[in-house]
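Hints are included, so try docking the two chains, each in its own frame, into the full complex.
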Amino acid sequence: MDTGPCRELQAHPSPDEASLTQPSIQAGVSTTTPATIQPGWVRVTHWLNALAVVIMVTSGWQVYNASPIFPPLVFPASITLGGWLGGALLWHFAAMWLLVANFLAYVVLNIASGRFRRKLFPLSLKSLIDDVRAALTGKLGHDDLSHYNAVQKAAYLAVILDLVIVILSGLAIWKSVQFPWLREVMGGYDNARKVHFFAMSFLVAFFVVHVVMVALVPRSLLLMIRGR
Amino acid sequence: MLNRKIMTGASTLDVENILKDARNELQAPARRLFGKRILSLGGLMLLSGCNISDDKSVNTVLRTMSRFNDEAQWALFDPNKLAPTYPDSMITRPFPFNAFYDIDDVPVVDAATYKLPVSGLAKGGKNVWTLEELRALPQESQVTRHICIEGWSAIGKWGGVRFSDFLKRSGADTTAKYVAFHCADNYSTSIDMPTALHAQTLLALTYDGQVLPPKYGFPMKLRMPTKLGYKNPKHIVAITVTNDYPGGYWENQGYNWFGGA
Numbered sequence: 001m002d003t004g005p006c007r008e009l010q011a012h013p014s015p016d017e018a019s020l021t022q023p024s025i026q027a028g029v030s031t032t033t034p035a036t037i038q039p040g041w042v043r044v045t046h047w048l049n050a051l052a053v054v055i056m057v058t059s060g061w062q063v064y065n066a067s068p069i070f071p072p073l074v075f076p077a078s079i080t081l082g083g084w085l086g087g088a089l090l091w092h093f094a095a096m097w098l099l100v101a102n103f104l105a106y107v108v109l110n111i112a113s114g115r116f117r118r119k120l121f122p123l124s125l126k127s128l129i130d131d132v133r134a135a136l137t138g139k140l141g142h143d144d145l146s147h148y149n150a151v152q153k154a155a156y157l158a159v160i161l162d163l164v165i166v167i168l169s170g171l172a173i174w175k176s177v178q179f180p181w182l183r184e185v186m187g188g189y190d191n192a193r194k195v196h197f198f199a200m201s202f203l204v205a206f207f208v209v210h211v212v213m214v215a216l217v218p219r220s221l222l223l224m225i226r227g228r
Numbered sequence: 001m002l003n004r005k006i007m008t009g010a011s012t013l014d015v016e017n018i019l020k021d022a023r024n025e026l027q028a029p030a031r032r033l034f035g036k037r038i039l040s041l042g043g044l045m046l047l048s049g050c051n052i053s054d055d056k057s058v059n060t061v062l063r064t065m066s067r068f069n070d071e072a073q074w075a076l077f078d079p080n081k082l083a084p085t086y087p088d089s090m091i092t093r094p095f096p097f098n099a100f101y102d103i104d105d106v107p108v109v110d111a112a113t114y115k116l117p118v119s120g121l122a123k124g125g126k127n128v129w130t131l132e133e134l135r136a137l138p139q140e141s142q143v144t145r146h147i148c149i150e151g152w153s154a155i156g157k158w159g160g161v162r163f164s165d166f167l168k169r170s171g172a173d174t175t176a177k178y179v180a181f182h183c184a185d186n187y188s189t190s191i192d193m194p195t196a197l198h199a200q201t202l203l204a205l206t207y208d209g210q211v212l213p214p215k216y217g218f219p220m221k222l223r224m225p226t227k228l229g230y231k232n233p234k235h236i237v238a239i240t241v242t243n244d245y246p247g248g249y250w251e252n253q254g255y256n257w258f259g260g261a
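Here the protein sequences come in this chain order: A and B. Each residue of the first sequence is one higher than the one before, counting from 1 in this note's numbering. Each residue of the second sequence is one higher than the one before, counting from 1 in this note's numbering.
If we strip away everything but chain B, and leave its shape as in the complex, we get (with noise of 0.2 Å):
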């Protein structure tokens, strides 16, 4: 460069300035070995990504994000906005099985004996269902995009209770902030309650017109077109209303709460 620049000859000037540059820099030692241990430490952070994000102080930081994201989407939630829905031609076959274990290890839940409470702040209401009495409650379906966290998507078709007919009829207190999910797996999730009242927010029975199949969540699955799919828990065995934070599988380990589509 600097060759180039004195062949040339077109301008002594610059020269000047490179060189008046060049030495101001020697003379500063402090701050090139500053400037070598940043770079050094851009370095290391561009070579190690997975153990910066083991840091505690960087996990803190993200948490914080995470929980600052999640009251940016329930900002941004709008209760009466529809998820899209779709033809029955457009629904994905075979629908993808998804679980955190294997397809062999889906529970087995028997419907006689079945019941599904429901705890927490719901009094007043029907605190115990079994599956005849969810299957006598009006029923609605929907084609929607299920959405899942790893990006991709797939087209399915639900049928069941609204859950905020549901809710009701618990006797929820639908002013509380949370709705938390145990299921037959051991997996657990939880939703806001403005999600919980949306309309597309549906206790699914069926899929496809017959009864859910194990794989896809037996005997029910809350499906909310609203949400990615792991906030969508299937199985489930217990619902609690609730003001405190009741968290979730993948959401203790670091999945942002909300999830929000």
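The shape of chain A in the complex, shown without the other chains (with noise of 0.2 Å):
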């Protein structure tokens, strides 16, 4: 059975919700449709946000088999993009362009429109708690899209705050010389490809359970891509 917190904010639409559903009479029985839960930028910046990680990371799996940081890890080239060290980069360095400037209009459109504040805070500790062990014991729901639980507000902004890593250790390993202040933040050059490589396993760790979640959940799929 599935009875997750999530279901009483359906009955119960909160005045935030309220604002995004439009009233409409269907057969004379008063109900609501949902309106817009993803806006149309929201959509376009997560796919293209996929699109960018998916092969940085796999053009990133090349570049570091070029020179494994953890010599027993070595990424299999089936699952690598580039086919040598100089195609891989030559991948890396087009679609970082992509990854950065459209996490910035990600970050910049998500302050302004005020959609951070409203989509993953409040966050507290005892709702996160709440929220995760209704997960684990497999209680916690995900009727109602227009609402993030717990976990999912926690997941969300530990992986805006993991491509920032990802983005500034990045630019700290190309322009080490260059970016002085940010070489010695990440620890100096060769820790900051440490850093860089964490940050990279945390963020395709969040992308195999995104999308573990999105099979559970299907619906969630549509809704990113049609916005409701």
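Honestly, the hints are just simulated from the structure, not real lab data. Keep in mind the model is a prediction, meaning the values are calculated, not measured. Check the hints yourself; a few may be wrong.
[What the hints assert, rightly or not] For each label pair, taking beta carbons as the anchor points, the in silico distance ranges come out as:
# : chain 1 : residue 1 : chain 2 : residue 2 : range
1 : B       : PHE68     : A       : PHE75     : 23 to 29 Å
2 : B       : PHE100    : A       : PHE198    : 49 to 55 Å
3 : B       : ASN243    : A       : ALA101    : 29 to 35 Å
4 : A       : ARG115    : B       : ASN243    : 49 to 55 Å
5 : B       : ASP105    : A       : LEU120    : 54 to 60 Å
6 : B       : PRO87     : A       : PHE75     : 33 to 39 Å
[To be verified] Covered stretches of chain A, as calculated for chain B (at least 3 residues, CB under 8 Å):
#  : region
7  : 87-96
8  : 103-116
9  : 149-155
10 : 158-171
[What the hints assert, rightly or not] Negatives, chain B to chain A, calculated, CB over 12 Å:
#  : residue
11 : ARG63
12 : LEU76
13 : PRO94
14 : VAL108
15 : ALA112
16 : LEU134
17 : ALA176
18 : SER188
19 : ASN243
20 : GLU251
Using N, Cα and C, we set each Cβ at its ideal position, and we do this for glycine too.
So, in structure tokens, the structure goes:
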């Protein structure tokens, strides 16, 4: 049985949610049709980010293979992009512009529109613990896709922060001489590579869980494609 | 998912919406076909990474982006910003040998007959140098980090002539765009003039206080801590100052030309 905290929210929409729904009359019964939950700019930046991340990660694995930080770990050629080091770097340094420009647009639009504040906050430790417990016992609902539960809020905040770390550590590796402050923040050139590696690992872990969750709640895929 | 929702019975509206979605989707075969094609294209891209990189138009776009990155790095390069230097105690020992061939194939250059010509946009200066003449010029040394395009790095100690000093004595036109290098092992590369004039760009004749050994580039290598390893040519036998893009051994195969750190 599926009875999560979100269920009540659906029955009693918050004022915030009410503004997102349009009343409509259907066969004489008063009901509500969900309006756009994910605006166009969220969907566009989401998918551009997905494309950029896939290119950056798979080409990055090929670059990693040229000089593994942890020698036992090498990525199979079949899941890397670029064919060889030079090819992978061409992809990596082309897609980085897409990743960064798109990420900046995403963050600026989210802050300017108040979406971050509305969707990701408030986030209390108590709600997070409650929702993690509910999720682990299979009781966390995903019926109302216009509201994120505390686990989702924490995960999305974490991955946004992780993208910041991925970008800054990448910049420190690419331009370690031109950005000395960034290099030092990352603990020097060699350490910046490790930071970049672990930030990539977190991103990939998020990606895997994210895709599994979408498979469990397929409607969320439709939502991110057409907005409702 | 559907069954679960019906069983909970909490929201029949939701079920209606889902059914409506499903019907709409079924009514749009063209859209579904398009979606399938997009998905299979994406799958193909993921499964055959090397193949897509071999595609001509994809390659053209990637090379164009690399040219753009040259410009971006040229703009980002601060001629006054120095690469970090380190104490002798931090020198990597042994310093790694690295080339596009095995250590047994390192070229042998005869010091007695060696002459370094400077050609192209270099007039009114000394245009051929012997090793003795280069050793007689003011010498500097640096302990800096060599960063390889592969990702690894190592700290080494190089000594020699400041390259800007050498260029001026050679009568080089320092308003030219490029300086190109040809090497005894048939290697070649080229750099931008601002980097050539950088205070840490060194025509290195020694390594760790000794005459530069063959494995590190005898009789000389251009040492630039502001650029990646492949931009630092060894066994230099000819230098050309030019405004025509000279390319280079790795650069012509796809490595980024500017290669700045």
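Hints, one by one, checked against the model:
no., hint, result
1, B/PHE68 <-> A/PHE75: 23 to 29 Å, "holds, 27 Å"
2, B/PHE100 <-> A/PHE198: 49 to 55 Å, "violated, 32 Å"
3, B/ASN243 <-> A/ALA101: 29 to 35 Å, "holds, 32 Å"
4, A/ARG115 <-> B/ASN243: 49 to 55 Å, "holds, 51 Å"
5, B/ASP105 <-> A/LEU120: 54 to 60 Å, "holds, 59 Å"
6, B/PRO87 <-> A/PHE75: 33 to 39 Å, "holds, 36 Å"
7, 87-96, "holds (count 6)"
8, 103-116, "violated (count 0)"
9, 149-155, "violated (count 0)"
10, 158-171, "violated (count 0)"
11, ARG63, "violated, 7 Å"
12, LEU76, "violated, 6 Å"
13, PRO94, "holds, 17 Å"
14, VAL108, "holds, 29 Å"
15, ALA112, "holds, 38 Å"
16, LEU134, "holds, 26 Å"
17, ALA176, "holds, 23 Å"
18, SER188, "holds, 16 Å"
19, ASN243, "holds, 25 Å"
20, GLU251, "violated, 9 Å"
Checked against the numbered hints given earlier, the structure breaks hints 2, 8, 9, 10, 11, 12, 20 and satisfies all the rest.
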